[in-house]
Amino acid sequence: MSDTTYTQLLDLACGGLLLTAVLVLWRRELAVIIRVFALQGVALAALVGVLAARESSVELGAVAVGLLVLRAGVLPWLLYRALVGAGPALRETRPLVNVAASLLAAAVLALLAYAVAQPLVALAPAPATHAVPVGLTVVLIGFFVLVTRRRALSQLVGFLLLDNGITAIGFLTTSGIGLLVELGVSLDVLLAVLVLQILTTRMRETFGEADLDELRELHD
Amino acid sequence: MSALGVVGGVLQPLLVAAGAPLLVGVTRQVRARLEGRAGPGVGQPWRDLRKLLRKEAITPRGTSEVFRLAPLVLVATTLVVAVVVPFVTTDSALDPVADLFAVVALLALGTVAVALAGLDTGTAFGGMGASREMTIIALVEPTLLVAIFALSVRVGSTNLASIVASTLHDPARVISPVSLLAAVALIVVIVAETGRLPVDNPATHLELTMVHEAMVLEYAGPDLALVELASAMRLTVFLGLLANLFLPWGIATTATALAVLGGVLAFALKVTLLGAVLAVGEVFLAKLRLFRVPELLAGSFLLALLAVAASFFLA
Numbered sequence: 001m002s003d004t005t006y007t008q009l010l011d012l013a014c015g016g017l018l019l020t021a022v023l024v025l026w027r028r029e030l031a032v033i034i035r036v037f038a039l040q041g042v043a044l045a046a047l048v049g050v051l052a053a054r055e056s057s058v059e060l061g062a063v064a065v066g067l068l069v070l071r072a073g074v075l076p077w078l079l080y081r082a083l084v085g086a087g088p089a090l091r092e093t094r095p096l097v098n099v100a101a102s103l104l105a106a107a108v109l110a111l112l113a114y115a116v117a118q119p120l121v122a123l124a125p126a127p128a129t130h131a132v133p134v135g136l137t138v139v140l141i142g143f144f145v146l147v148t149r150r151r152a153l154s155q156l157v158g159f160l161l162l163d164n165g166i167t168a169i170g171f172l173t174t175s176g177i178g179l180l181v182e183l184g185v186s187l188d189v190l191l192a193v194l195v196l197q198i199l200t201t202r203m204r205e206t207f208g209e210a211d212l213d214e215l216r217e218l219h220d
Numbered sequence: 221m222s223a224l225g226v227v228g229g230v231l232q233p234l235l236v237a238a239g240a241p242l243l244v245g246v247t248r249q250v251r252a253r254l255e256g257r258a259g260p261g262v263g264q265p266w267r268d269l270r271k272l273l274r275k276e277a278i279t280p281r282g283t284s285e286v287f288r289l290a291p292l293v294l295v296a297t298t299l300v301v302a303v304v305v306p307f308v309t310t311d312s313a314l315d316p317v318a319d320l321f322a323v324v325a326l327l328a329l330g331t332v333a334v335a336l337a338g339l340d341t342g343t344a345f346g347g348m349g350a351s352r353e354m355t356i357i358a359l360v361e362p363t364l365l366v367a368i369f370a371l372s373v374r375v376g377s378t379n380l381a382s383i384v385a386s387t388l389h390d391p392a393r394v395i396s397p398v399s400l401l402a403a404v405a406l407i408v409v410i411v412a413e414t415g416r417l418p419v420d421n422p423a424t425h426l427e428l429t430m431v432h433e434a435m436v437l438e439y440a441g442p443d444l445a446l447v448e449l450a451s452a453m454r455l456t457v458f459l460g461l462l463a464n465l466f467l468p469w470g471i472a473t474t475a476t477a478l479a480v481l482g483g484v485l486a487f488a489l490k491v492t493l494l495g496a497v498l499a500v501g502e503v504f505l506a507k508l509r510l511f512r513v514p515e516l517l518a519g520s521f522l523l524a525l526l527a528v529a530a531s532f533f534l535a
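Same order as they appear, the protein sequences are chains C and G.
Position 100 of the first sequence, counted from 1, bears residue number 100 in my numbering, the numbering being contiguous throughout.
Position 222 of the second sequence, counted from 1, bears residue number 442 in my numbering, the numbering being contiguous throughout.
These aren't lab readings, by the way, just hints derived from the structure by calculation.
The reader is advised that the hints may include incorrect statements.
Said to hold, decoys possible - Covered by chain C, per the in silico footprint, the following chain G stretches (three or more residues, Cβ under 8 Å): (1) 391-397; (2) 400-414; (3) 517-525.
Stated by the list, open to error - So the derived label-pair ranges between C-beta atoms look like this: (4) C:Val-58 to G:Asp-315: 34 to 44 Å; (5) C:Leu-180 to G:Phe-532: 33 to 43 Å; (6) C:Val-97 to G:Arg-257: 38 to 48 Å; (7) C:Tyr-6 to G:Phe-532: 12 to 22 Å; (8) G:Gly-376 to C:Arg-35: 36 to 46 Å; (9) C:Trp-77 to G:Val-394: 31 to 41 Å; (10) G:Thr-355 to C:Gly-184: 44 to 54 Å; (11) C:Val-58 to G:Arg-257: 37 to 47 Å; (12) G:Phe-321 to C:Ala-126: 50 to 60 Å; (13) G:Leu-508 to C:Gly-73: 24 to 34 Å; (14) G:Thr-355 to C:Arg-81: 35 to 45 Å; (15) C:Leu-179 to G:Met-354: 31 to 41 Å; (16) C:Ala-115 to G:Thr-355: 28 to 38 Å.
To be verified - Some chain C residues judged to face chain G by a derived CB distance under 8 Å, without partners named: (17) Ala-106; (18) Ala-110; (19) Leu-112.
Even glycine gets a Cβ: it sits at the ideal position worked out from N, Cα and C.
My request is simple: use the sequences and hints to build the entire structure.
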């Protein structure tokens, strides 16, 4: 793979990550958010796949396939099942910060990420490290979704966005942190989603809905 | 001023003025066919304009010069933009005016003139339309500037002709994340600025939802013809800008007759295709609530800003 194609494919995958993160913040329907999250999984897997092709590493290629299965297949499927279980009443998120304001906040977060990542990029300037601010932006947007959404399911998507960002940064800076570590992290995420899914179901059974603010008030 | 620039400067405004009503006709026809209607035909907007131009000029009592001058300002600014922006040829007749900021300012001037005319009539609908238009334009202008600015960063110049020429030399740039983000942002603001669905429905005169139609409600006869022609031309100019900033192929780079003919055909084809795509999209979209529009535009502004950020940091 030539240098320019490599840089271009890498940048394209990063653009996909960024665009999907913004779309999660933008859209209200939970079903659409889950679909966008699956697309982000594809972009992340493509990013790792490009790195694998660049370094001709079979191990990294296997990680890319694993990421594709987990983040574009299994996790969205689990989320979708949780959504179907929730019924039609929970289709729309009611964010604490309105969508227009949170989009502008995301713009500020993106600039912050670029400013903070500059020393990291300066350590070893390369096409991959130049893309680190993108990963950091996805982390910050994920965190923002986590703190400003009310529905348990959209908070879960925020958490997974955060994790996608962290994974992207890991691969961009170190070109893979070992198959074993990656496997451990992926299993961890899967477990967290399973536990949270059960928790959401329990909450709905107990309180009638999965609005986390309800938990702050005392009930009989 | 080169020969190519002069050819472009003469051909482009003629092409835009003559083709704009046809473009509107094409979009209406595509929509009608998809909705199962026969449709009035592609030439209907021109026939409407001819009818309106033959009528007597009449203005509401109590309106001032602002009301009478607004259609002229709208047409004039759009014509200047059609002269300078590289649509058919890469050279511009008035190179200093073919600048990103000048072009966006000219387009905004037209919008502001119509909004002032809407206020000048003193009717409830005029004021309502003007206030809505200002809400939209306040978010459209910065997005438009920032999105095209993202493309100009790599070129090192805000001259639209040099942006188009550099994309022509380096086609790989079109699929970079900067281009993609800027393209999405630009499409959203063009839909909002030209008053198409889901922001405004050009086919209705429903009091509660109309934006552009509310401002021009008091116009009649030749003035209305000018306003209609100008809004069709603005649609053409915006679609042409979108087409040539991201897909500039076919544009004439030399002043030979064949190249110029190719440029004209390519421009007409690209704009017609974009118009048809716009019409097909409109069939499947419902109008957005007015309070949701700033949300849509804030999203497109964020995409444009990310495009600028990416052009600095990913490159």
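May I ask which of the numbered hints given earlier this structure violates, with the numbers listed in increasing order?
Of the numbered hints given earlier, those the structure breaks are 4, 11, 12, 15 and 19, listed in rising order.
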